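The opening position of the sequence shown corresponds to residue 3 in our numbering, with each subsequent residue numbered one higher.
Incorrect hints may have been included.
Unchecked claim - Mimicking DSSO-like on lysine-lysine, the simulated pairs with C-alpha atoms at most 30 angstroms apart in a straight line are:
id : residue 1 : residue 2
1  : Lys-33    : Lys-284
2  : Lys-10    : Lys-78
3  : Lys-55    : Lys-33
4  : Lys-10    : Lys-103
5  : Lys-120   : Lys-78
6  : Lys-47    : Lys-78
7  : Lys-44    : Lys-284
8  : Lys-103   : Lys-284
9  : Lys-18    : Lys-33
10 : Lys-113   : Lys-47
11 : Lys-11    : Lys-44
12 : Lys-204   : Lys-113
13 : Lys-33    : Lys-44
14 : Lys-10    : Lys-55
Just so you know, these hints were derived from the structure itself, not from any lab. Computed from a predicted model, the values in this text were never measured in an experiment.
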Amino acid sequence: LVTTYYRKKEIDQEFKDLPDTLGRNQILNVKDDPPLEMGDVKPGKPVQCMVNKLFNAPIYPQQPFEKKETLFLLIKRAHKDNEWIIRKLPGVFVVGQTQPKSEVTVPFTKKAQEIAKKRVRVYVRRNWADNSHIGESYFANSVSQLFQTCLEEMVRLDNEVRKELKNYDPQEKMNEAVFEEMCPPEEVCRYESMAAAYQRLKDAGVYDIIAPSMRRSSTIESFVKIMKRLNTYPASLEQPPIVADSEFKAIANFVREELELAPWNMTTSFRFYAHERKILDKDGVGNPLKPGQGVSYTIDFSDGKENEQDDEDSEGNKLIRRVTEGGVTGGEKDLRSLSMIEMAALLEELAVSDAVVATLKRWQRVDKIRELAVQKVRNRQDLAKWAKWARLEVKSFGERLKDHRE
Numbered sequence: 003l004v005t006t007y008y009r010k011k012e013i014d015q016e017f018k019d020l021p022d023t024l025g026r027n028q029i030l031n032v033k034d035d036p037p038l039e040m041g042d043v044k045p046g047k048p049v050q051c052m053v054n055k056l057f058n059a060p061i062y063p064q065q066p067f068e069k070k071e072t073l074f075l076l077i078k079r080a081h082k083d084n085e086w087i088i089r090k091l092p093g094v095f096v097v098g099q100t101q102p103k104s105e106v107t108v109p110f111t112k113k114a115q116e117i118a119k120k121r122v123r124v125y126v127r128r129n130w131a132d133n134s135h136i137g138e139s140y141f142a143n144s145v146s147q148l149f150q151t152c153l154e155e156m157v158r159l160d161n162e163v164r165k166e167l168k169n170y171d172p173q174e175k176m177n178e179a180v181f182e183e184m185c186p187p188e189e190v191c192r193y194e195s196m197a198a199a200y201q202r203l204k205d206a207g208v209y210d211i212i213a214p215s216m217r218r219s220s221t222i223e224s225f226v227k228i229m230k231r232l233n234t235y236p237a238s239l240e241q242p243p244i245v246a247d248s249e250f251k252a253i254a255n256f257v258r259e260e261l262e263l264a265p266w267n268m269t270t271s272f273r274f275y276a277h278e279r280k281i282l283d284k285d286g287v288g289n290p291l292k293p294g295q296g297v298s299y300t301i302d303f304s305d306g307k308e309n310e311q312d313d314e315d316s317e318g319n320k321l322i323r324r325v326t327e328g329g330v331t332g333g334e335k336d337l338r339s340l341s342m343i344e345m346a347a348l349l350e351e352l353a354v355s356d357a358v359v360a361t362l363k364r365w366q367r368v369d370k371i372r373e374l375a376v377q378k379v380r381n382r383q384d385l386a387k388w389a390k391w392a393r394l395e396v397k398s399f400g401e402r403l404k405d406h407r408e
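Given the sequences, and given the hints that come with them, work out the whole structure.
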């Protein structure tokens, strides 16, 4: 569970007499990938992590007020006659932001249904031998009541339980290892995370929308339409109140943010990032820590292909974001292919005197036009005309991803 990573400074370096730390030690070669998707292990500096099948997370040892010999952990096992267990507490750690290894299933999908069926199957096999005296029908009904929120409107639970009872011999003894193989605890954790988040959305009045669109503006517009359609009033009101579009958009933005923060969306976004398919929004709504101390596991929509700003000047905003001091792009007719006379005409429009233009050679004129065009775009002056001559940032997804990781 607790792993301390060490990275070699040189290929033939050997680690001897490693400090006795909690958990296990793992040596990384010089070029081995880091254990964390975000973060690295520097050569010669140990990094401790919590590692399991659900997530990785960096951990940081703390100095408790009491001595370690007096620290104990008291555990209550609810499913075994309220048994109490006491364990020594060998250390106290602060756990950093978790980095999921797998995706939380989306509600009402086939995968969610299969996990729910596995849980019912394990429950029946674990408890039928001790409850066979109450009868098959009564036991099936009790199981249905227990799992009714788990399989809501997806399967006929009674039929599933009865089918399982017919295929199962109560004399057959199974240990916990077999049950864990049938329905791994990690699947149950992911399912419970999904169920809790779905219940929060349901309590907030969001029933039918599960995943936000990858195009932010279309998502907001679709939410606005849904809010208007669901906006009902008592029949006694002759004239329903007028609700401004801005209020609907505010509600739609709130709903969109809640959906972006749902575990099935955040874990999927992080796995996209881990496989270098998407970039995370560092300043998004999902940062659990302070700005600069954590990362939002929501997709960065700043790329022009994925983002259509919901305002009248979206094209201008995208141009201004892309204007930079480096890089060269052309327009309808590449600036470098213009004649000296054509460039002189552009410089005249940019308020450069004829005396100065006369002193500029060809590439000096090109550079001057680009410099002044950048200023025009940043000042929102005649964007349609000057943007094609400005320096624009044109990077591949791989280059942007590299900058993002750094």
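**Q.** Broken hints, by number
**A.** Of the numbered hints given earlier, those the structure breaks are 2, 6 and 10, listed in rising order.
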